[in-house]
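J.: Given next are the chains, with one letter for each unit.
Protein chains: 4
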Amino acid sequence: MSSMVVKLVPLEVGFLRKHEVKRLNPRQGSGCVLSVRASVASKTLEYPKTNREQLDKDVRIGVLGASGYTGAEIVRLLANHPHFGITLMTADRKAGQSFGSVFPHLFTQDLPDMVAVKDADFSSVDAVFCCLPHGTTQEIIKGLPKGLKVVDLSADFRLRNINEYEEWYGQPHKAPELQKEAVYGLTEVLRYEIQNARLVANPGCYPTSIQLPLVPLIKAHLIETKNIIIDAKSGVSGAGRGAKEANLYTEIAEGLHSYGITKHRHVPEIEQGLSDASNSEVTVSFTPHLMPMSRGMQSTIYVEMAPGVNVNDLYDYLNSTYQDEEFVRLLEKGVVPHTQHVRGSNYCLMNVFQDRILGRAIIISVIDNLVKGASGQALQNLNLMMGYPENTGLQYQPLFP
Amino acid sequence: MSSMVVKLVPLEVGFLRKHEVKRLNPRQGSGCVLSVRASVASKTLEYPKTNREQLDKDVRIGVLGASGYTGAEIVRLLANHPHFGITLMTADRKAGQSFGSVFPHLFTQDLPDMVAVKDADFSSVDAVFCCLPHGTTQEIIKGLPKGLKVVDLSADFRLRNINEYEEWYGQPHKAPELQKEAVYGLTEVLRYEIQNARLVANPGCYPTSIQLPLVPLIKAHLIETKNIIIDAKSGVSGAGRGAKEANLYTEIAEGLHSYGITKHRHVPEIEQGLSDASNSEVTVSFTPHLMPMSRGMQSTIYVEMAPGVNVNDLYDYLNSTYQDEEFVRLLEKGVVPHTQHVRGSNYCLMNVFQDRILGRAIIISVIDNLVKGASGQALQNLNLMMGYPENTGLQYQPLFP
Amino acid sequence: MSSMVVKLVPLEVGFLRKHEVKRLNPRQGSGCVLSVRASVASKTLEYPKTNREQLDKDVRIGVLGASGYTGAEIVRLLANHPHFGITLMTADRKAGQSFGSVFPHLFTQDLPDMVAVKDADFSSVDAVFCCLPHGTTQEIIKGLPKGLKVVDLSADFRLRNINEYEEWYGQPHKAPELQKEAVYGLTEVLRYEIQNARLVANPGCYPTSIQLPLVPLIKAHLIETKNIIIDAKSGVSGAGRGAKEANLYTEIAEGLHSYGITKHRHVPEIEQGLSDASNSEVTVSFTPHLMPMSRGMQSTIYVEMAPGVNVNDLYDYLNSTYQDEEFVRLLEKGVVPHTQHVRGSNYCLMNVFQDRILGRAIIISVIDNLVKGASGQALQNLNLMMGYPENTGLQYQPLFP
Amino acid sequence: MSSMVVKLVPLEVGFLRKHEVKRLNPRQGSGCVLSVRASVASKTLEYPKTNREQLDKDVRIGVLGASGYTGAEIVRLLANHPHFGITLMTADRKAGQSFGSVFPHLFTQDLPDMVAVKDADFSSVDAVFCCLPHGTTQEIIKGLPKGLKVVDLSADFRLRNINEYEEWYGQPHKAPELQKEAVYGLTEVLRYEIQNARLVANPGCYPTSIQLPLVPLIKAHLIETKNIIIDAKSGVSGAGRGAKEANLYTEIAEGLHSYGITKHRHVPEIEQGLSDASNSEVTVSFTPHLMPMSRGMQSTIYVEMAPGVNVNDLYDYLNSTYQDEEFVRLLEKGVVPHTQHVRGSNYCLMNVFQDRILGRAIIISVIDNLVKGASGQALQNLNLMMGYPENTGLQYQPLFP
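Residue numbers (this note's numbering), protein chains in the order written: chain H, 35 to 435; chain L, 35 to 435; chain C, 35 to 435; chain S, 35 to 435.
Chain H on its own, in the form it takes in the complex:
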């Protein structure tokens, strides 16, 4: 049919096909990462795949638990990564399906079909992103070849204290030996350790947004560690893609509510990080709120400053800490961070404000919970672990509006 129609109704000159244009193109193949695929595509006549050369990349990547939002976000970020190519994807309940059938927005990517994790051939990969639910992750990672680099996006290796893990997650830790090896992946804080790690426990979204401003201020003894009050707001994608009544559009749109008051599982992770920074036990007030939006997270943090410290001291110290960072940015004085301004990007924007109550300050930090709060930071970490510049593949600017 197709050829018949082409004969009967020849295309106008104006309807030049892409591969014909390519031959006319004097500057073709100019070597930039983003244009490589065009020249590949111009050599073939089959349906073009934007990312077909996965197998030719330097580092072969596996994505375990690829059928959730963090898995999809890994794929989106790697689409323009010059060195990492996905060669393995697992998803137990969707085994045998193409990734594009599960996430149609990425159907143009040339990816392996998903397999059950028990059927995965790990000899084909150099590193894995593990996007599995907590609880099952410890055993799976324990079973992986020891040579693999692993970034685990679950909570299973974030808590050093395995008793605390059991307390908050309701089951004993199943890989205590690995736990000792795991490095906590808060990139800007533990960059050196991450560079040398084999297994990185990627931080939770709330803990990332909270520790990035608080850890340096606590280390520098600029704020008190008692009565730290964190009012956090998150988009719904943090809850994942599981079908739950509570996360239906109709239940979420045009309204908000607190949840997990005092009981959210990110509490011990936050307190571990802040306790490390202060060399003392820190207990925080942490109240998350579910927002009518898909992506984005803000932590509004109410703190008491140390005696003699003022808000300019906090500002200056955060500035000195982060002035060379690409992804963690202190805004100009008085400028309020908006979650819209980081959507789809790996940035963490923050600022600090004088409170009306003497001696108190308000710290605000925003991230995209799926990027800096999950898959973006995971990629940042794996870049480091594999010896690449940590921003490789991560320089997406925020999508607004």
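One or more hints might be untrue.
[As the list claims (entries may be wrong)] For lysine-lysine, the following BS3-like pairs were computed, each having C-alpha atoms within a straight-line distance of at most 30 Å:
1. C/K152 - H/K278
2. L/K367 - H/K260
3. S/K260 - L/K297
4. H/K128 - C/K152
5. S/K128 - H/K128
6. H/K91 - S/K91
7. S/K367 - C/K278
8. H/K208 - H/K176
9. C/K176 - H/K278
10. L/K91 - H/K260
11. C/K297 - S/K260
12. S/K152 - S/K180
13. S/K128 - C/K367
14. S/K260 - S/K176
15. H/K297 - H/K208
16. S/K297 - C/K367
17. S/K152 - L/K278
18. H/K367 - L/K91
19. S/K260 - C/K367
20. L/K278 - S/K260
21. L/K128 - C/K367
22. C/K260 - S/K297
23. H/K253 - L/K260
24. H/K367 - L/K260
25. C/K297 - H/K297
26. L/K91 - C/K152
27. H/K278 - L/K367
28. L/K297 - L/K208
29. C/K260 - S/K367
30. S/K367 - C/K297
Think of the hints as simulated: they come from the structure by calculation, not from any bench.
Using the hints, position chains L, C and S against chain H.
T.: Relative to the frame of chain H, chains L, C and S by itself:
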């Protein structure tokens, strides 16, 4: 044309007209307010107006500044009010227009066209809702006939201290005599004074959601008044209908941000109310956040309990305070208030939670900012001022989803 | 604790309780429906329920399948109904639970706990709203006492042709005898039949929005019945409260898509209604779209006018048809219906526009899919069936913004 | 591989590789790990700018009217473009301001401050994107140096017939000579002409989504050109960033409506394109709808197929037309395009469906109105005009959820 077509194409039997049905109706006109219009409509053949008998109501109402969202909300609430009928509407920039052309969702209501406030005939009204912007309101109310009952939804009469007014609003108070007369309209707290008032300053939305839980707890000395930290979240309708870039759909959807940090004009109103309750000067930390939703407001309030007091004491005292109230409701222990659960209604839902930090509690209250936070409470107040049950016309259940 | 605190910390004068106010109230109990509860409440000291006098109402109502959105909407609408009181609620999977635990926004209503339908005592009710899924409804209604009035919101009795039912729903009709008795509940079109019906098949949301404008125009031979093209848009609540991945907030927000192209089960219902009107078999093009909103439905209908007919003829005829209707409204010429302008109300707004293509017209109608498209029209029908004015309890104005 | 790339594409000194960084950077923080920008920053100690080497890029770009959404989108897309660097930005009302103050989400970009267009130095640029409002654009482009390549995103050069321009835009065309030179920038249809153009009139968003499927089908005589009915749905960003009451969050959220019925200014552009394709005058029915979402556009197109043609013929022909295209994609049979699946990307997804009415088909196409519908296609065109692969800088995958 219409009659011609009817002749040419007679209606089937099944296409019985409403007024014909009425005659068949054995229980017609059973006296309830909600069915009055049907029987009226059945006697006429003109285009039916749901609320045509405004002039026959007991109390003639004027709405000043009717072209904003709080004005529209007054109209919506009065649509089923058995005693209040709107006989005057003003809107300077929309003078001469019909209300239905400005708010098409209310076009079925039989209302007077809008006039400029300077052209208004106040002899035709018994009471007014004043929905004008702050700053202009004092002079206009000063010019009204003294016999009129007034509920002012602006901020112009909320602050007893006229110096404080000048400090926060940047201009001298223009009606200091009236200020002395004005009663603050937080219904459940000042019900008796409101009943006997002529001029009521209707509270702001944030102050309503904050004072309803805090005032009784402070009066009862159950919480400390230092370090009260309020993280408040509001829908966009609170910003009104003015065309501002910052409130465009594209700027608001799928994101959130803090605003007016330490400088929001509701601060002195909140502090006035809490200071009254404690008989001492209270300074609060108050940080409002703009949410991607049209209606709804939550205040998440972090407090320190008085020595020896625990969270059950707070719960029990709020319960004893509000157990007979129709609109202010303490939820069952552990149940989290959602803003969706008050949308379109005059309810304030609240609850109190133990914090992780010893001695602290978290109080959450939610309202619809346009109803209990504005027009609903205004109507509740005018009901009282005119001697009607305060819930008259206000028993709309929340619209969810 | 409560009484102790009251003793220890006496309330200020300003903190007058509601029941005290009532005694001061000179106009109390003026007999209006909306204020009845206030006077009841004033006599009791227990926790007030807005709608406690269900048992005293004239008509005892059962709601079968009360745990879905249409069930909740029935409860919302009946909250202010002067004659209908809910005395039975069923929900098989939530049997034993209170309605307020399933729909917290209605927790103030005094309602019976939900029971399994098999345990329901139908001797306690005069009429039922049946909000069950299609497929199970026929047998349940077949088993009800014959004296009960029934409005069925499912699709199970909408198609007169039981073969067509089997074809579209994939199972044989289980109550063909009842099918003969069932009256299709498109109120404005079949008002007389509905008044005399025992079992009403309440129309689907799409069919309601489409038939209200098209049926009269087809009956009057003003439009052609071939090539009627309907592009319909619906909010997500039409999909119900079941937990489905496709209806998660994250999947729906900020995007739209067509679904059920040519295969939506409302097709045979629409075609049945239009075929009846034209006395010939009508096939339509019907493409529904899922919108990022909870409530609201628009049908944009592209039609060819009959020879010699122009758009003014359509306008005039719709005007003559609906000018006496309370809920179906033809807007002024040129005014575009918005779904926001019917949210929460029982209105259907419509208008008709000249197309650019000669001889064609564009008809737009909007409804709230949960009110006029479901529970509102169901109540309108039961009002008629029970001999009350059909607008009883339905005069809610739209909620905007 | 890494060293090979270094040979083929020599890195700047600033492009320190990760393994070098490690040696230089024994602990964290001070040095920086972040490719070009970071290492530059580490030498200067200034605040790091992600894209500071604009001046070193091959092609110097001006953005006229940079303060609107399409201007911001150009900046976002160019952030990772290897050859285009922005050296001039104009915005008359925001002259003197930094771009980051107007669009904080792009504050990390190193961009020139905005100037008034009259003060712009065009000797510093090789090409411009013109994002000005229609009406003012013709004169400004007329005044530009003749050597500049221009992609105009306004409507000012889209209509070849200047009388038609005057009729729809209410003012005479001010640059009729330039109009003759302008090439219509529908890339996949007019690629060859665009490659050789100096002035490209970038298509409107609706016309892009409509012509991409219809032009080839009309050229191939597979569909009738009479009675083409287009029901189009757009996100709000298409209305721009101007402060208008109608586009406030509160007016748009949770609702939809038709607008510009038969009168939308994209009508003559659509009809011009379809008339060209058919060599006859085509009149379409076009009804746009405003959706509660920021980005995204769907055109649902109802067509009559030519005699003897079936829906598989349409599918096969679209497949043969677009199978080599990177950005225009025909989905697998039966798969429905969603606007969410193109958000933030330059893709146009389409598919074709059999209608219920014999001989008719339904065509659906979706784009992101700000990318393929505006700035993305503009960049695609300028890539071609400057001799680069057309996908350069455009390979962003869609952002979902």
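J.: All the hints need checking, so say for each whether the structure fits it.
T.: Taking the hints in turn, this is what the structure says about them:
1. In summary, the hint linking C/K152 to H/K278 is supported, as the alpha carbons are separated by about 27 Å, within the 30 Å threshold.
2. Pair hint L/K367 plus H/K260 holds up; C-alpha atoms about 27 Å apart against a cutoff of 30 Å.
3. Note on S/K260 and L/K297: the hinted pairing is violated, with a Cα-Cα distance of about 61 Å set against a maximum of 30 Å.
4. Between H/K128 and C/K152 the alpha-carbon distance is near 38 Å, which puts this suggested pair outside the 30 Å criterion.
5. With a C-alpha separation of about 52 Å, the suggested pairing of S/K128 with H/K128 is violated against the 30 Å cut-off.
6. This hinted pair checks out: H/K91 and S/K91 have alpha carbons roughly 27 Å apart, not beyond 30 Å.
7. For the proposed pair S/K367 and C/K278, the alpha carbon gap of about 24 Å is at most 30 Å, so the pair holds.
8. Proposed proximity of H/K208 and H/K176 is supported: the alpha carbons are some 9 Å apart, at most 30 Å.
9. Of the supplied pair hints, the one linking C/K176 and H/K278 is violated, its CA atoms being roughly 33 Å apart against a limit of 30 Å.
10. Among the hinted pairs, L/K91 with H/K260 is inconsistent with the structure: their alpha-carbon atoms are about 60 Å apart, more than 30 Å.
11. For the hint pairing C/K297 with S/K260, the CA-to-CA distance comes to about 26 Å; that is within 30 Å, so the pair holds.
12. With a C-alpha separation of about 17 Å, the suggested pairing of S/K152 with S/K180 holds against the 30 Å cut-off.
13. At most 30 Å may separate the alpha-carbon atoms for a hinted pair to count; S/K128 and C/K367 exceed this at roughly 41 Å.
14. Among the hinted pairs, S/K260 with S/K176 is inconsistent with the structure: their alpha-carbon atoms are about 38 Å apart, more than 30 Å.
15. A distance of roughly 23 Å separates the Cα atoms of H/K297 and H/K208; the hinted pair therefore holds under the 30 Å criterion.
16. A distance of roughly 15 Å separates the Cα atoms of S/K297 and C/K367; the hinted pair therefore holds under the 30 Å criterion.
17. Distance check on the hinted pair: S/K152 and L/K278 sit about 27 Å apart at the alpha-carbon level, within 30 Å; holds.
18. For a cut-off of 30 Å, the pair hint linking H/K367 to L/K91 is broken: about 57 Å separates their Cα positions.
19. For the proposed pair S/K260 and C/K367, the alpha carbon gap of about 27 Å is at most 30 Å, so the pair holds.
20. In summary, the hint linking L/K278 to S/K260 is not supported, as the alpha carbons are separated by about 43 Å, beyond the 30 Å threshold.
21. Using a Cα cut-off of 30 Å, the hinted pair L/K128 and C/K367 holds, with the two alpha carbons roughly 21 Å apart.
22. The hinted pair formed by C/K260 and S/K297 meets the criterion: a straight-line CA distance of about 26 Å does not exceed 30 Å.
23. Under the criterion of a C-alpha separation no larger than 30 Å, the hint pairing H/K253 with L/K260 is consistent with the structure, at around 27 Å.
24. In summary, the hint linking H/K367 to L/K260 is supported, as the alpha carbons are separated by about 27 Å, within the 30 Å threshold.
25. Proximity of C/K297 to H/K297 is assessed by CA-CA distance (about 46 Å); at most 30 Å being required, the pair is judged violated.
26. Note on L/K91 and C/K152: the hinted pairing is violated, with a Cα-Cα distance of about 49 Å set against a maximum of 30 Å.
27. The straight-line distance between the Cα atoms of H/K278 and L/K367 is roughly 24 Å, inside the 30 Å bound, and the hint therefore holds.
28. Proposed proximity of L/K297 and L/K208 is supported: the alpha carbons are some 23 Å apart, at most 30 Å.
29. A distance of roughly 27 Å separates the Cα atoms of C/K260 and S/K367; the hinted pair therefore holds under the 30 Å criterion.
30. Restraint check: the Cα-Cα separation between S/K367 and C/K297 comes to about 15 Å, which is no more than 30 Å; the hinted pair holds.
The structure does not agree with the numbered hints 3, 4, 5, 9, 10, 13, 14, 18, 20, 25 and 26 stated previously, though it agrees with the rest.
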